[in-house]
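Residue numbers (my numbering), protein chains in the order written: chain X, 1 to 268; chain A, 1 to 268.
I should point out that these hints are in silico values taken from the structure, not numbers from a laboratory. Nothing here was measured: the structure is a model prediction, and the numbers come from that model. Each hint can be trusted.
Derived, one-sided and incomplete: chain X residues facing chain A with beta-carbon distance under 8 Å:
#: 1; residue: Gly98
#: 2; residue: Ser214
#: 3; residue: Lys220
Quick reminder that beta carbons are idealized off the backbone N, C-alpha and C, glycines included.
2 protein chains.
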Amino acid sequence: MALDNGIAEFILTAGRQVDENLSLIIERHKEHVKLIECGNDEEAARVAVETAKAKRADILMKGTLNTDVLLHAALDKQSGILKKGRVMTHIAMAQIQGYKKLLMFSDAAVIPHPTLEQFHAIVGYTAEACRRLGIETPSIALTHFSEKTNPKFEHTISYKEIIRRAGNGEYGNCIVDGPMDVKTACDTESSEIKGIISPVAGNADVIIFPNIESGNTFYKTISLFANATTAGWLEGTDVPVVVSSRADSVESKYFSLALACFLSNNDY
Amino acid sequence: MALDNGIAEFILTAGRQVDENLSLIIERHKEHVKLIECGNDEEAARVAVETAKAKRADILMKGTLNTDVLLHAALDKQSGILKKGRVMTHIAMAQIQGYKKLLMFSDAAVIPHPTLEQFHAIVGYTAEACRRLGIETPSIALTHFSEKTNPKFEHTISYKEIIRRAGNGEYGNCIVDGPMDVKTACDTESSEIKGIISPVAGNADVIIFPNIESGNTFYKTISLFANATTAGWLEGTDVPVVVSSRADSVESKYFSLALACFLSNNDY
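For reference, chain X alone in the conformation it holds in the complex (with noise of 0.2 Å):
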């Protein structure tokens, strides 16, 4: 699909046999495609990063492998691509039927518990990421499965300190508020009936999880029940990864891979 549109040049590190309907795609685009073989899919993601890092690439993306080996390579503290004290963290883009906007939400992927300074960072980056996409003032939704903060679930703890620092700018423009639940952030109504007053309640452009099972169940029950189209990709790395589940649609993949495109001529 990306190819037919034309849309980016491929290097394909391949740690397992090629197939036949694969072959005959590489052998058709074969000016757009260069195919690395490789001993394994350990091999294949050490590869693709150096390619990353030697900026011979702008993105990373992930075939077949598991989404935990493709990490393992790119975070390698030699040969990876993330540097030193940045926060990388998975991000991901929804149009969800019966939602008025886009939704962005994170982190269904990466991070298993963010802590204060790694929910800083996750926060910061959507922010931009929204008004890079041209969402001026994004609101951002901290979510919970209740409004209120207690000391028991130290996320919400920490979402009082993000707020503190939204209202001092440290995000730049955008709006940030919680803890609510997914219903409060994105349904006027829900809020309502609930007497809360917020202004990112119902109208969230971007809804942050407080840990990795809430945010990949939103992804998994989306994706299945809610007919969403997603894109997702890996924030704070030298250049954006691409990294769709195995049982994404080919749609969703090509959505990822277009929005990494974007992103990434962007200087992103």
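Assemble the complex: chain X is given as a structure, and chain A must be docked to it using the hints.
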């Protein structure tokens, strides 16, 4: 709705002024509604729990007060309705457009991060509830953001033990498997693409969540974006407790109550 259909008699313990609308409904159905006016939400919760404990009510149902106010009263060691050593958990049932059958899930509202023994209780309760609803051998998926058991995520270790116990027949007729993500649990195609061989994959009757953040995210997401109709209740207490969210639809509250009535009539 419940009064019009005559499915239950009501004892209303009101912690706030009863509004005009509700007064009219009470007046119209005065043979089936008893109103007890209380000073505040806390007292209303306590009186409702006492009524259930004294077997003058078969079901306890939450109104517009905060869930934790009702739970506080229900869990009181002296006057509460949770027997010592019993685990209380929230169970919900969803009818989701695009899923081939009803889907039960837990815990979206009560237990923050289930321990092994809490997972044990949850699996036991859901297996039993499914069988009572006519599903002879329920398929129960233990969800996670991936398919890998990983000591960094304690619930995946609990899952291993739960699956062992299920194999030993501790939960009666049922099939338990995991960890797997929500999509793998409910979509045959996704699980096939990922090459996952499991009798539960793509066919779950029940999905168990690793923590309240993910369970609640699922609950709110299917309600908001997947046109789901849900019903929910608390299990483990002396009587079923219906704890619909204030933002739930009237339909959802009605189905929750109807399901609780059904389970209650079954000596549940």
